[in-house]
Amino acid sequence: MAAERATALVIRGTDWSETSRITTLWTREFGKVRALAKGGRRLQSSFEVAFDLLTVCEVMFLRKAHGGLDLLTEATVRERFPQLRTDLRVLYCGYYFAELLADGTFDYDPHPQLFDATLETLRKLGNPTIDRPAAVSAFELVWLRELGYSPRLEECAVCGTPVEAGVRVPFSPSAGGALCPKCAPSTADRRWLSADGRATLGRLATDGDTLPAGVRTELRQLLSQMVSSILGRRPKMLAYLDGVG
Amino acid sequence: MTEAVPAIQTLLEELTKLPGIGPKSAERIAHFLLAGDRKVAVTLSEALRAVVERIRPCRECFNLTEGDLCPICSDRRRDGGIVCVVETPRDVGLFERAGTFKGVYHVLGGRLAPLENVGPDKLTLTQLVQRVRRGGVREVILATSPTLEGDGTALLTSNLLAGTNVSITRLARGVPSGASLELVNSQILADALDGRKAF
Ligand SMILES: [Zn+2]
Ligand SMILES: [Zn+2]
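For the protein sequence lines, the chains are Y and W, in the order given.
Counting from 1, one number per residue, gives the positions in the first sequence under UniProt numbering.
Counting from 1, one number per residue, gives the positions in the second sequence under UniProt numbering.
Worth flagging that the hints you see were computed from the coordinates, not collected in a lab.
Since this is a predicted model, take the numbers as computed values, not measurements.
Worth double-checking, as some hints may not be accurate.
In silico lysine to aspartate or glutamate, DMTMM-like type, Cα no more than 20 Å apart, as pairs [as the list claims (entries may be wrong)]:
| no. | chain 1 | residue 1 | chain 2 | residue 2 |
| --- | --- | --- | --- | --- |
| 1 | Y | 236 | W | 116 |
| 2 | W | 122 | W | 87 |
| 3 | Y | 124 | Y | 79 |
| 4 | Y | 64 | Y | 74 |
| 5 | Y | 64 | Y | 4 |
| 6 | W | 17 | Y | 15 |
| 7 | Y | 38 | Y | 4 |
| 8 | Y | 236 | W | 121 |
Heads up, incomplete: computed chain W residues facing chain Y, CB under 10 Å, no partners named [to be verified]:
| no. | residue |
| --- | --- |
| 9 | 19 |
| 10 | 112 |
| 11 | 113 |
| 12 | 114 |
| 13 | 116 |
| 14 | 119 |
| 15 | 146 |
| 16 | 147 |
| 17 | 148 |
| 18 | 149 |
| 19 | 152 |
| 20 | 156 |
| 21 | 159 |
| 22 | 185 |
| 23 | 187 |
| 24 | 188 |
Okay, the calculated beta carbon distance ranges per label pair [stated by the list, open to error]:
| no. | chain 1 | residue 1 | chain 2 | residue 2 | range |
| --- | --- | --- | --- | --- | --- |
| 25 | W | 138 | Y | 196 | 51 to 59 Å |
| 26 | Y | 109 | W | 177 | 43 to 51 Å |
| 27 | W | 81 | Y | 76 | 41 to 49 Å |
| 28 | Y | 236 | W | 71 | 35 to 43 Å |
Ideal placement from N, C-alpha and C gives every residue a C-beta, glycine not left out.
Please build the complete structure, drawing on both the sequences and the hints.
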């Protein structure tokens, strides 16, 4: 067993017994790690406090060799996001990120840029004047890119033929991008992506501050479809996000 | 132990569904029930049947009870104007053991955890709002756990009660009486500072 150190965001916790819990951590160094925190439910323990959902902590853990659970040995809180506790809409966004990270990434598959983007987005959501749908969409785009599914906007997602620039295009969420006139008819889930929507989608990953009202519904819908297609189901938290804008 | 006997196998399977009981503990319990005085097993099975058949949620507060109203709701000496909102019937037991609260309770039946499929519809929130709207409630104390999910539950509850005139309070968090400052963790100290009150 080797001792490892990591910076982690707590994305899931399950009570295991009266005194311990299984925690799913999204770590910058190792990707998703599932580990047992013994004595993690004692009141005075700073250990327990560190494993509250969506808390950023520094952890030490012993890596098990044979597929067993890793064992957490130390944890200290590094950052919390107070807005999660004062604004239900922000809390639902946080839960949505946790769902995408827990169910969309693999154990020990690190994505430091996605880790950084998660924390940065959670910090940004602390600002009450932020464009929340834009922040959520930008996060989804980083998630898609890191998993290898960035929407293809300039060439056909099926055959790779370049598609005409600056116009609306047929788009397939399951194929992962725009479609050329030849592939479009045979792609079952094709839909339209407007020229404005296409331009916004192109810049959103790098400049995710605003989602213009004119393309908001279209892009929220399209990104939800892409995310659902990769997860193999509609994320549970999407129903909650719809209600809060 | 005798894995070929179907009845025992069923018992083991059922026992391992209980919290904190793994296969080894299940075997030990099954062995105990079968080895010695079988009256223990019979009494236990009768007790289980009795709670399943007789215990149900209180009409008013959703605490577990045998009658229509739980002993707390039917106690005239309790102040029905102060409602302490908790997650589970177990929490009611904890507050009652502390022995200082003279109001009544409202058991939500869990905490808001959409990722574990516990949405607002799985909690007795509508019933709480109706209870407050019926009148007579002056204060609602949100006593869900101080975890993110517990705080989220409190937040949702207070949002839903925003249209009523009731005063909403949240359980204080901070240094427990009798604890030495050097032994409590820094988050508890930070919470205690935030929640300080006039002396
Ligand atoms: Zn094509
Ligand atoms: Zn009652």
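We went through each hint and held it up to the structure:
no.: 1; hint: Y:236 / W:116; result: holds, 9 Å
no.: 2; hint: W:122 / W:87; result: holds, 12 Å
no.: 3; hint: Y:124 / Y:79; result: holds, 14 Å
no.: 4; hint: Y:64 / Y:74; result: holds, 16 Å
no.: 5; hint: Y:64 / Y:4; result: holds, 11 Å
no.: 6; hint: W:17 / Y:15; result: holds, 14 Å
no.: 7; hint: Y:38 / Y:4; result: holds, 17 Å
no.: 8; hint: Y:236 / W:121; result: holds, 14 Å
no.: 9; hint: 19; result: holds, 8 Å
no.: 10; hint: 112; result: holds, 9 Å
no.: 11; hint: 113; result: holds, 9 Å
no.: 12; hint: 114; result: holds, 6 Å
no.: 13; hint: 116; result: holds, 8 Å
no.: 14; hint: 119; result: holds, 8 Å
no.: 15; hint: 146; result: holds, 9 Å
no.: 16; hint: 147; result: holds, 5 Å
no.: 17; hint: 148; result: holds, 4 Å
no.: 18; hint: 149; result: holds, 7 Å
no.: 19; hint: 152; result: holds, 5 Å
no.: 20; hint: 156; result: holds, 6 Å
no.: 21; hint: 159; result: holds, 6 Å
no.: 22; hint: 185; result: holds, 4 Å
no.: 23; hint: 187; result: holds, 5 Å
no.: 24; hint: 188; result: holds, 8 Å
no.: 25; hint: W:138 / Y:196: 51 to 59 Å; result: holds, 54 Å
no.: 26; hint: Y:109 / W:177: 43 to 51 Å; result: holds, 47 Å
no.: 27; hint: W:81 / Y:76: 41 to 49 Å; result: holds, 43 Å
no.: 28; hint: Y:236 / W:71: 35 to 43 Å; result: holds, 38 Å
When the structure is compared with the earlier hints, no violation turns up for any of them.
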